[in-house]
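Fit chain V to the known structure of chain Y by using the hints.
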Amino acid sequence: MTGNKEAWGSRVGLILAMAGNAVGLGNFLRFPVQAIQNGGGAFIIPYLVCFLLMGIPLLYVEWSMGRFGGNKGHHSTPFILGSMDKRKFWKYIGVFGIFTNLAVAAYYCYLESWTLSWMWHSITGSFSGQTQAEVASFFGSYVSLETIEPIIFWVICLLLNTWILSRGLSGGVEKVAKIGMPLLIIFGAILAFIAVTLKAGDHGAVNDGTVGLNFLWTPDFSSIWSAKVWLAAAGQIFFTLSIGMGSIQCYASYVRSKDDIALNAMSAGWMNGFVEIVLGSAIIIPIAVGYLGIDAVVEMTKNGGLGLGFKTLPYLFDQFGGALGVMCGVFWFGLLFFAGITSSLAMGTPCMGFLQDEFGWKREKAAWTFGLTVLILGLPTVLFFNYGVFDEYDYWAGTVSLVVFALLEIILFAWVFGMDKGWREITSGADIKVPTIFKYIIKFVTPIMLGLVFIASLPGIWSQIKNEGIDKQILAATDPAIIEQLKTQLLYVNISRVGLLLVWFAVAYLVYIAYKKRVKEGRFII
Amino acid sequence: MNSSALIMMLVTEIVVTAVTIYYFVKVLRTPPKAEQDSFEDNDEAKK
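So the sequence lines, in the order shown, correspond to chains Y and V. This note's numbering puts the first residue of the first sequence at 2, with every later residue one more than the last. This note's numbering puts the first residue of the second sequence at 100, with every later residue one more than the last.
Isolated chain Y, as found in the complex (with noise of 0.2 Å):
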């Protein structure tokens, strides 16, 4: 017998939860830089299409097979799909709702550590005079080991989603949505209020916050012909919901067969929305542009959001002076962690739903078991940080984890399933009436889409199996000392691939033991 006994607390909670776990890093720190280098203001019609050919869609189906699931008491993917469809080949397929959300916490709790570190630096002045390229320098040697603090930060951060897991779905994950997300949202108005305000001369600011809202904004039309821009776009709203991912579908499976799923969706995804494409514009791009200039920041940029925000944006607020300085410090690393640490938590829960559905283990037991298995796995993005191991853990499990698992499920859902019933299990309960268009969005168009998505991957996919970019730069270099350090990092990226296929077929393995107990138990899977 399984031995779940988990429920929400609430619809709110639920809700919030579930923006929670979509609300990220990436809503403030990549977002602003995807439409500033894919069209400004012109981003958003790409952007908001695919939310609503690919987005909205998936939100539906993930939600629908969730609950679908839990109805029959499964808690997380392989036998959420198993019970879809009577081959034996789905639950395998499912793996990846356990995998992704493993090897992704992995290397986020270490990001997520960063938030709690650069917080508490920020309260105790450590940025307090730095230039700009000393704040920059601390990051350097902050995941360069220099000292033991990241390590610390780092398993402070572990044992807290380890202890809030522990506590279940309402005493731990809704209650830290219910104080995270509001907090958030408070914090982004505040700042993004100081952002567009800060005028040119203020705190030395060189521009109006203005002139970085004017920047991101100004519409390039003729972007939106261009096939990379919409690949950018389709990426953005793909892993800004977490799809994909096998979260979505564990909170939903404790949604009963009559109660609605189709509202909630929407909720949760717009709220998604409205942290990203309001507060999210707001914030790094006008500060930055106000004190660096449109060009400094767009050569910033070209690397990603991260360094604008670790590594330049304490400067900034430093910039501020006195305790607005501080609170600005405050606000944004405590913005970051509530939206790093609700996404880290949502990655939990598939991984103990599992182990309390199949192995009749105790909630607790299987939380400090992820904890573990996270702390373990986790180790070789900090120790070797510098080497790539971080960036191959996201690559292969943060972004072509996702687009497979996506493109499968949806396939699943719509076609072997079949969207009759699909489309039943959709607007069952649901307390708005959903558009009859997206029966047939979802049966024809996402899964094209989808498709597309993953063959314009392939060719990066291919390269990033040779380690072309990695083999270029030692060809490129000339300094021996340079090469060394790059062939020990192709050295550290191989063995990380290897770790993770591993790791995919470890949870494979225990997804093979799980039904082999299941048929000597006789309990049914569909």
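These are calculated hints, taken from the structure and not from any lab test. Bear in mind that the values here come from a model prediction, so they are computed numbers and not experimental data. Heads up, none of these hints are tricks.
Taking lysine-lysine pairs in the DSSO-like style, the calculated list, with each CA pair at most 30 Å apart, reads:
#, chain 1, residue 1, chain 2, residue 2
1, V, 125, Y, 434
2, Y, 444, V, 125
3, Y, 179, Y, 363
4, Y, 444, Y, 229
5, V, 125, Y, 73
6, V, 132, Y, 440
Relative to chain Y, chain V alone:
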């Protein structure tokens, strides 16, 4: 800000905010189902 950027920003943000509020208010205003539902708080309230 130039007018095209301003229009783009305002239209997008107003639409996204309005839809977000609309759905969230709808959630808040929808009464819980009479029978036992998925949420512990509602079940306790019915007792």
